[in-house]
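*Asks:* For reference, the chains in residue letters:
There are 2 protein chains.
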Amino acid sequence: MPPKNSNAQVATEEDVSAPQNITDGGNYVENLYFGVELNCVPDLVTQLEEYRREFDFITVPLAHPRNERDMSEGAIVEEEPFARSDMLLSSGQWGSLIIGKISPWIDLDSKDVYNRKNSERVLLQELSWASHLNLPALILPTPTHNSTNYAQVVNRKLQGLMYMNLWMRVPLMSTWQMLHDDETQITFGDNHRATQDPWEHWNTFRTLCEHSDKLCVALELTENVPHERVISRWLGEPVRAVIIPTRIFTTNKSGFPVLSKAHQRVLQMFFKYKIQYILSGPARHKNSFVPYRQYVQFLYSKSPQPTYDESFMTPYLDYLQAPLQPLMDNLESQTYETFERDATKYQLYEDAVFECLTDMKNGGKLEGRTHIVLMVVGAGRGPLVKASLRASVRAGCPLKVYAVEKNPNAIITLKNLRISMNWGDQVTIVDSDMRVWNAPELADVLVSELLGSFGDNELSPECLDGAQRFLKGEPDVWFVRLTQDIEGGISIPASYTSYLAPISSSKLWNEVRAYKEMKHYETPYVVKMHNFYQLGESQECFTFVHPNRDEYIDNQRYINLSFRATQSATVHGLAGYFNSLLYGSVYMSINPANHSPGMFSWFPLYFPLRDPMYVAKDDVITVHMWRNNNRVKVWYEWSIVSPQVSPIHNVGGRSYWIGL
Amino acid sequence: MPPKNSNAQVATEEDVSAPQNITDGGNYVENLYFGVELNCVPDLVTQLEEYRREFDFITVPLAHPRNERDMSEGAIVEEEPFARSDMLLSSGQWGSLIIGKISPWIDLDSKDVYNRKNSERVLLQELSWASHLNLPALILPTPTHNSTNYAQVVNRKLQGLMYMNLWMRVPLMSTWQMLHDDETQITFGDNHRATQDPWEHWNTFRTLCEHSDKLCVALELTENVPHERVISRWLGEPVRAVIIPTRIFTTNKSGFPVLSKAHQRVLQMFFKYKIQYILSGPARHKNSFVPYRQYVQFLYSKSPQPTYDESFMTPYLDYLQAPLQPLMDNLESQTYETFERDATKYQLYEDAVFECLTDMKNGGKLEGRTHIVLMVVGAGRGPLVKASLRASVRAGCPLKVYAVEKNPNAIITLKNLRISMNWGDQVTIVDSDMRVWNAPELADVLVSELLGSFGDNELSPECLDGAQRFLKGEPDVWFVRLTQDIEGGISIPASYTSYLAPISSSKLWNEVRAYKEMKHYETPYVVKMHNFYQLGESQECFTFVHPNRDEYIDNQRYINLSFRATQSATVHGLAGYFNSLLYGSVYMSINPANHSPGMFSWFPLYFPLRDPMYVAKDDVITVHMWRNNNRVKVWYEWSIVSPQVSPIHNVGGRSYWIGL
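Residue numbers (full-length UniProt numbering), protein chains in the order written: chain D, 1 to 660; chain P, 1 to 660.
Given that identical chains are not distinguished, each listed pair holds provided it fits within a single copy or across any two copies.
DSSO-like mimics (lysine-lysine), calculated; alpha carbons at most 30 Å apart, straight line:
#1 K516 to K214
#2 K519 to K117
#3 K302 to K272
#4 K117 to K214
#5 K253 to K286
#6 K214 to K617
#7 K617 to K261
#8 K117 to K633
#9 K111 to K633
#10 K516 to K633
#11 K519 to K214
#12 K633 to K214
#13 K400 to K472
In short, the hints are calculated from the structure, not lab data. Computed from a predicted model, the values in this text were never measured in an experiment.
Just need the whole structure built from these sequences, with the hints factored in.
*Replies:* As structure tokens, this is what we get:
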């Protein structure tokens, strides 16, 4: 099911067509896409034919592995070509069945100048050759702590790549880490640990290469498996392939290869991404590589399959959408249809109205009256009217309903509903903007669904502050109070709170960068985040309570939040969520900590950071967030001030704002 | 005297007109520009009249200092206006004689929400009022370790400022620092020290405000004076005023105010910048403020006055120029004129040729011959020809000179010189590009002046590699060798080495930013750096030796250099210098460590950093620099990889390159 904002304007016209990530990450598939890594390929055509029966592609060295050639100037030019002829396969075959591998012996950061220069020439030669063949991807040797020159040469080539991606081979753990696995050992400081951490090597390399979206990761599993939080950090990285060495398999009773529970858990974490799997190393079991693939495929089939809802969300994974401007635009029929399909959400509303009416009835509110007055502000095509009427029946509490709606198209639907559902006089349909309507009487209950992904970001506070004119209330008694002793009118929702957490997501940041304009780095996007890693539990940001009985209503907010990094990472921005107290005991939440099960109306908000920020383990990440306003608009500004200081984003709402 | 590159193309057309920094920094003046800070101004017109007799401007609070007003919503609106009428002075007077001051009591980061919001409103009110008056500058209260919200409000206002600058009042030392002056005390870690360091507070504030060039510093002297290196860090900052409190003065025997030696030294460091001085606090000596001003003016007159050369350089201070493209362009007459005026440089060349000819004569090179053959490649209008002929006379060693020049306009001058100076057959003028000329005989000495600010950056290596065809030489004897035992031809210069150092310069970085294009952050600029602070001694970068007798000549270079930060600072880029061994004992250098006295032909090179990088005390700053080339061009790439990782700048020479 498409999300709430499926019909909202997307950020640029070019992008309206289709979500971008159908092909690169995020899609569920029936069969895993599987390849096998070969190190010695005397006869490419025959071997390709052989492996194609069971595998989707093969990974082959561009040059013969023993062909460590001397390419220094003046060296004797070898008669034999370093690589196979491009005529062996069709360009279609090269472009879909073959993944190349750069010679692993090159060392571009060798202290030996001769070796360094020779390695540069070999790397450039092989990169050119792979481009010439138009391979889909090329596997680069693992970087080390000192790979700056390696990065420089790769970076130059990255600028010109059109089709081919470069996959950096990165082991899940370094040999050093496997030998010193125990984190409680204090012999080695954090600094030393960092120099031995493959993620750090990758992070330095890609930062030097300016976070190019052509530079991806081929993550190689290792004998040992690190802490789950270390693995989850990779979920924010552009992992395009998982390399599974045959040596990590054990043998079961029937003689077939199987994986340890720990390794199974790693694979399960990656199964939900559309990536490639590559078997590596010699086949150590009968029937060559086939049983390995079958076993991993079996693990995949055993893993939790996506629900119907999740499958529908697939096209929206990591797909950026600009937030709605609900006050400035009228929604379309299809958008209403999408919203109304969220049964969970309206059930929660019904429960909230039910609790509220029950409290009112028990509290003596009906004494001397025939009914409770309930107003739905922003009634749309009537889902909240229906939910309220259902609650009225359940509570045995008679209701008079006003359905206020500013969209003339939705009014037509409401009027038709009134007839078809026999609402009669119980429902009054009001064709007006709630901010200007003169209500004929005061309401006991005000029901609205004006919340955005970040709670207040679609200006629910400003709208409800305007609408509460026609809500009953005694200012001296009312404040943040929700007992059964009802004295004044009630707003459903009663309150809502936004939540923030720093996230790492190379994918989302590159999606923002693709717009090639600074203002997009200062715009929060609605997005079903998928290829991301959250650095800590989200924390409360801004809270709004309704009705607001403050003498002077002030919807500006300012807060700072601190998060401690449990491991080093690169922060690409902030994730925004909300939860809301509808009434009494009924909550509605998209905060991961307590997300309302099955509710799909809201995707989180992504606040980008203009420059990705490296944070070391135990660094405190301090986030500042402002909600500012003036006469005509509301906007957010945000900044991270530690461990490094970013500029304040979206100064004065210059890049993004919501019109009043 | 204008620098070597005065006629080179500057980076954009808009900037061709005139150097930008005549009005903001860098100019020497006869009298210091002096003001006085007043805290209580009951009658602005009378007081202005009174102080104008002795001072250039006065600094006054915008609101009455005791006027801590309640501007929260709903507060009783005061009848009395918070500020004076704008009719008191003409707009010309407001715009030149008055510097405003924001109420010092505001606290925008107060934990008390009421106090915070009231402070925001007061600050915005006063900022608007100062803009309305069109004041030249406005002094902001000192920030603390926790001034993020203060920065947010100021930042919003900075976006709209046209004329007015904001001067942040920053003390040279905090009270805490004065109480814990002894750095050897280890009770307080570096982290704690940082939270107490006014520079850190300033640095965080301006980083949040995205390094705005409207946000400057009014540096306030304090009773104690920190280490000189702490003060020199301010030389890279946009210090626009030095505030001198009267309380730091002592009284001499005659009863007049004087400053300690330490305070005098601080002032002397700032005298070479064109900034304002502001007396602050009550006059504690007879004749009110006048003796303070006279005393500081006296110190200024005693300080080393700029030399004639330095005065001429003034318009070029901090003025960016794109490096020459000497192979692609012909120089103009005026440019030659400028170059030829550098007597020091040609004296060094004369000395080098003299030493060389003496060695040759003593080494028996003249045996069986009547003369030594010397070729000037790139003879221009003849300065090296003249220097060589003078050296020939001094050494008593007869010379035959070939003057090779590709610029047809310079050839005309050379031919006229040949007649006017009676060179006769001793000088042969060759109208040709040295890279294609077929010399009629081989040379004993090849003299050239092809060096740029960074040594090799005007492609001297490539030119001389081409020209050495017509230099005598026995490859098996020649290598990096400069003894008197001359066997082959000699190149003057014999070798040259570039130097690099990280620098902090808010000024230079903002000049680059003003171009508003990414490629300018990836272009090294020739600039007489003035408002800058170098973070350590420069280190050797690339070396070239001539003639180059390598079997395969390779002018690609790659190096990494490490610098330890002696204090926290913000790195804005790298300074590039060179030195050169001309011959024997004759060196020529623009490296600050051993700059050839009086030589002005080269200004340093500034390699910008796209994003300023904060470095903490004791951090290691690791710089990587590449000199890359292909068939048609040469370019540099650079990166800093620690303490943080920058992207590699100028990938593949995409933004800046020198054509072959």
